[in-house]
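Trainee: Go ahead and model the full structure; you've got the sequences and the hints to work with.
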Amino acid sequence: MEEFEPKIIAFVCNWCTYAGADLTGTSRIRYQPNVRIIRFPCTGRIDFMLLLKAFARGADGVIVSGCHPNDCHYTSGNFHARRRWILFRRLLDFVGIDVRRIHFAWISAAEGAKWAEFVNDVTDTIRKLGPFEEYRKLVHMGFDPIEVA
Amino acid sequence: MPRIGVFVCHCGENIGATVDCAAVAGACAGIPGVVVSMDYKYMCSDPGQNLIRDAIREKKLTGVVVAACSPRMHEPTFRRACAEAGLNPYLCEMANLREHCSWVHEKGETTTRKAIDLVRVIVEKVKRNRPLYPINVPVTKTALVLGGGIGGIQAALDIANAGHKVVLVERDPSIGGHMAQLSETFPTLDCSQCILTPRMVEVAQHPNITLYTYSELESVEGFIGNFRAKIRRKARSIDMKTCTGCGICMQKCPQKKIPSEFNAGLGMRTAIYVPFPQAVPNKPVIDRRNCTYFKTGKCGVCAKVCPAKAVRYDQQDEIVEVEVGAIVAATGYEVKGADFFPEYGYGKYPDVINGLQFERLASASGPTLGAMKRPSDGKEPETVVFIACAGSRDPAKGIDYCSKICCMYTAKHAMLYRHKVHHGKAYVFYMDIRAGGKMYEEFVRRAIEEDGVKYIRGRVSRIYDEDGKLVVRGADTLLGHQPIEIRADMVVLASAMVASPGSEELAQKLKVSYDPYYFLSEAHPKLRPVETNTAGIFVCGSCQAPKDIPETVAQASGAAAKVCGLFSNRELSREPVVAVVNRLPPPVYSTCVGCFLCEDACAYRAIEREEIRGRDGQLIRTVAKVNAGVCQGCGTCVALCRTKSIDIQGFTNEQVYAEVMAL
Numbered sequence: 118m119e120e121f122e123p124k125i126i127a128f129v130c131n132w133c134t135y136a137g138a139d140l141t142g143t144s145r146i147r148y149q150p151n152v153r154i155i156r157f158p159c160t161g162r163i164d165f166m167l168l169l170k171a172f173a174r175g176a177d178g179v180i181v182s183g184c185h186p187n188d189c190h191y192t193s194g195n196f197h198a199r200r201r202w203i204l205f206r207r208l209l210d211f212v213g214i215d216v217r218r219i220h221f222a223w224i225s226a227a228e229g230a231k232w233a234e235f236v237n238d239v240t241d242t243i244r245k246l247g248p249f250e251e252y253r254k255l256v257h258m259g260f261d262p263i264e265v266a
Numbered sequence: 096m097p098r099i100g101v102f103v104c105h106c107g108e109n110i111g112a113t114v115d116c117a118a119v120a121g122a123c124a125g126i127p128g129v130v131v132s133m134d135y136k137y138m139c140s141d142p143g144q145n146l147i148r149d150a151i152r153e154k155k156l157t158g159v160v161v162a163a164c165s166p167r168m169h170e171p172t173f174r175r176a177c178a179e180a181g182l183n184p185y186l187c188e189m190a191n192l193r194e195h196c197s198w199v200h201e202k203g204e205t206t207t208r209k210a211i212d213l214v215r216v217i218v219e220k221v222k223r224n225r226p227l228y229p230i231n232v233p234v235t236k237t238a239l240v241l242g243g244g245i246g247g248i249q250a251a252l253d254i255a256n257a258g259h260k261v262v263l264v265e266r267d268p269s270i271g272g273h274m275a276q277l278s279e280t281f282p283t284l285d286c287s288q289c290i291l292t293p294r295m296v297e298v299a300q301h302p303n304i305t306l307y308t309y310s311e312l313e314s315v316e317g318f319i320g321n322f323r324a325k326i327r328r329k330a331r332s333i334d335m336k337t338c339t340g341c342g343i344c345m346q347k348c349p350q351k352k353i354p355s356e357f358n359a360g361l362g363m364r365t366a367i368y369v370p371f372p373q374a375v376p377n378k379p380v381i382d383r384r385n386c387t388y389f390k391t392g393k394c395g396v397c398a399k400v401c402p403a404k405a406v407r408y409d410q411q412d413e414i415v416e417v418e419v420g421a422i423v424a425a426t427g428y429e430v431k432g433a434d435f436f437p438e439y440g441y442g443k444y445p446d447v448i449n450g451l452q453f454e455r456l457a458s459a460s461g462p463t464l465g466a467m468k469r470p471s472d473g474k475e476p477e478t479v480v481f482i483a484c485a486g487s488r489d490p491a492k493g494i495d496y497c498s499k500i501c502c503m504y505t506a507k508h509a510m511l512y513r514h515k516v517h518h519g520k521a522y523v524f525y526m527d528i529r530a531g532g533k534m535y536e537e538f539v540r541r542a543i544e545e546d547g548v549k550y551i552r553g554r555v556s557r558i559y560d561e562d563g564k565l566v567v568r569g570a571d572t573l574l575g576h577q578p579i580e581i582r583a584d585m586v587v588l589a590s591a592m593v594a595s596p597g598s599e600e601l602a603q604k605l606k607v608s609y610d611p612y613y614f615l616s617e618a619h620p621k622l623r624p625v626e627t628n629t630a631g632i633f634v635c636g637s638c639q640a641p642k643d644i645p646e647t648v649a650q651a652s653g654a655a656a657k658v659c660g661l662f663s664n665r666e667l668s669r670e671p672v673v674a675v676v677n678r679l680p681p682p683v684y685s686t687c688v689g690c691f692l693c694e695d696a697c698a699y700r701a702i703e704r705e706e707i708r709g710r711d712g713q714l715i716r717t718v719a720k721v722n723a724g725v726c727q728g729c730g731t732c733v734a735l736c737r738t739k740s741i742d743i744q745g746f747t748n749e750q751v752y753a754e755v756m757a758l
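For the record, the sequence lines run as chains R and F. Residues in the first sequence are numbered from 118 upward in steps of one, following the numbering used here. Residues in the second sequence are numbered from 96 upward in steps of one, following the numbering used here.
Cross-link-like lysine to aspartate or glutamate pairs, in silico, EDC-like; alpha carbons within 20 Å at most: (1) F:LYS202 / R:GLU122; (2) R:LYS124 / F:GLU204; (3) F:LYS202 / R:GLU120; (4) R:LYS231 / F:ASP495.
Hint data in this document are derived by calculation from the structure and do not stem from the laboratory. Here the structure is a predicted model, which means the values were calculated and not measured.
Mentor: What follows is the structure, given as structure tokens:
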């Protein structure tokens with residue numbers, strides 16, 4: 118049987134993690150190709166409904182990453198993201214969604230190697246967890262996260 | 096119906112060798128709405144851009160996706176190409192196939208599939224892009240230069256000589272920085288102060304330069320062309336207007352045993368002091384931590400003896416606010432000092448000194464007036480060991496990088512020592528000699544061949560005291576790691592250069608990125624070496640990475656040229672990536688319910704309240720409105736808006752949801 122290859126969507130900010138992932142490229146550090154990056158101006162822009170939507174569309178894992186605390190290009194967007202993240206994670210836990218499928222990291226524009234390492238770690242974790250069928254089943258049964266929200 | 100063009104770039108081998116570009120172009124041709132999809136060797140080249148321009152005209156494209164390198168690299172290039180063909184530039188976006196795909200994954204089907212995914216996402220986004228128009232903002236033609244070392248001085252003079260106003264802020268009581276401390280400079284051995292002090296005076300006298308010494312940057316707000324900076328002028332305890340700089344206060348100050356910062360701790364100064372005789376401004380400052388009056392309330396000698404009555408014990412810190420259009424950071428470096436080298440006994444043995452201390456020993460204006468006397472007993476050292484790479488290139492010390500200037504200044508130190516002590520022996524322990532630069536290699540050769548400095552390739556494991564001699568134990572790796580012991584009278588460590596203290600806070604105030612060593616990051620390592628990722632903020636000198644004087648000066652002039660280029664515009668156009676609150680026809684007006692959650696979340700106070708009134712002037716509702724001139728486009732408000740009434744141009748909800756749905 119072919120090994121399960123997870124689909125991971127990364128929501129990253131333009132100034133730190135996107136640039137950090139660019140640096141991973143310029144430094145030619147290899148990592149697993151399962152991740153798809155979507156660029157945002159700031160982690161503060163990331164509406165966490167997008168994460169649910171990603172799961173509904175078949176993502177097996179999700180990454181949110183931005184600037185380190187105090188380093189936000191927009192002063193405080195990452196703090197908003199952090200607060201939202203804490204709530205969101207608890208909410209997922211409460212409704213019974215495995216929180217090991219969502220990952221958060223601070224990765225700066227200078228941390229190309231950290232990005233590669235982080236993506237590899239997340240990919241390995243998700244691969245072990247297997248496909249995220251539970252959530253997709255819910256969606257098929259008519260549970261649309263956007264509607265619920 | 097959208098008509099999208101997809102242009103897949105091979106980037107020579109960079110993408111083409113890993114990703115099957117033709118397959119990507121083929122797959123994308125099948126995406127609904129894509130009317131043309133092609134691949135080409137170099138999309139950014141002129142013929143490549145022509146392909147895009149021709150396709151826009153012939154196929155009447157409503158959107159362009161260039162699948163190539165990072166948008167941080169070439170987005171402006173392709174947007175310009177689109178604009179030339181009559182397409183609104185904001186209808187062009189890039190899919191990052193190079194940095195995020197081909198350079199980081201193996202060649203193969205999976206990688207090509209990922210590439211197709213990445214393009215598909217951007218195609219879905221571009222379908223929902225709307226034409227946008229840049230926002231024009233005025234430019235304040237004043238520059239703020241942070242740091243008054245040689246980098247800051249050069250940048251300030253270059254900008255001021257081009258006819259623009261400059262505000263120069265220096266943390267210490269005098270400008271001059273580390274260069275003022277140096278004795279002679281490599282590779283010409285010309286006196287450092289002789290070339291620096293005229294520049295310092297020029298700064299002080301320049302009509303376009305406002306100099307704030309003993310001051311620090313408090314905060315910065317705003318954006319390119321329109322920064323507002325607050326500067327804290329620390330209380331100098333001296334009235335600068337009435338003080339004549341006669342120096343009587345310093346002669347009479349009873350507190351004379353304070354280690355002088357300028358002499359790197361080798362000399363003493365008084366509590367009211369001028370850091371060095373050529374200081375600019377040449378007026379004293381009271382060091383309140385060490386002043387008897389501030390410690391006990393008694394003394395007041397300086398105030399009594401001052402003929403101009405310029406001493407002000409009650410002076411307070413003052414905050415000055417300046418409006419500037421550009422900021423140059425030139426905050427420099429410091430060298431690693433005590434407690435960093437326990438194995439070398441630095442801090443324990445007075446005769447183990449660092450490079451800056453040696454500079455002061457060798458300097459004619461130093462504590463020994465240039466005579467080679469060791470700190471412990473003032474005797475002339477007969478044997479001196481110089482240790483290069485002390486701390487640098489040493490992952491065990493947490494400093495992986497090369498401090499770059501040590502090879503050269505160690506050769507200079509050994510040479511200066513030999514010039515002063517003809518019968519003395521000079522040994523240099525080194526790892527490699529890195530003497531890249533004009534006349535640099537020749538200089539090191541000269542130290543070895545003409546001045547008889549003994550170079551030993553190997554590292555020092557330990558230094559200890561034995562019968563009044565410093566025993567330096569190391570290995571000679573060119574003699575098969577043979578252990579070697581030298582009984583020395585003085586040891587000079589070429590200690591690692593690190594970013595100056597407070598670099599992290601500075602970077603956070605300026606909102607520029609920095610590396611793990613707190614050196615400020617340039618926007619691009621090769622092509623944008625003096626800009627930062629934050630528009631309008633520039634870097635020069637060793638706050639960006641270790642550098643020598645010529646490189647610092649070159650980079651400072653480069654930063655100054657960038658500032659002058661910026662100031663040559665009357666207005667700047669800003670990216671229209673800003674938030675907008677929707678407006679709808681009556682009776683809805685807007686879906687905004689006026690909860691003003693966004694108002695609290697906005698770090699820039701860009702949210703205003705707008706009253707919607709009916710024809711009779713009656714207030715119908717108060718809704719949010721974004722001041723586009725102030726909004727920076729972070730989108731925090733968008734994510735928390737409960738009614739999804741606020742949206743950010745270029746990253747609208749419609750666009751990002753479409754992106755997620757495409758995966």
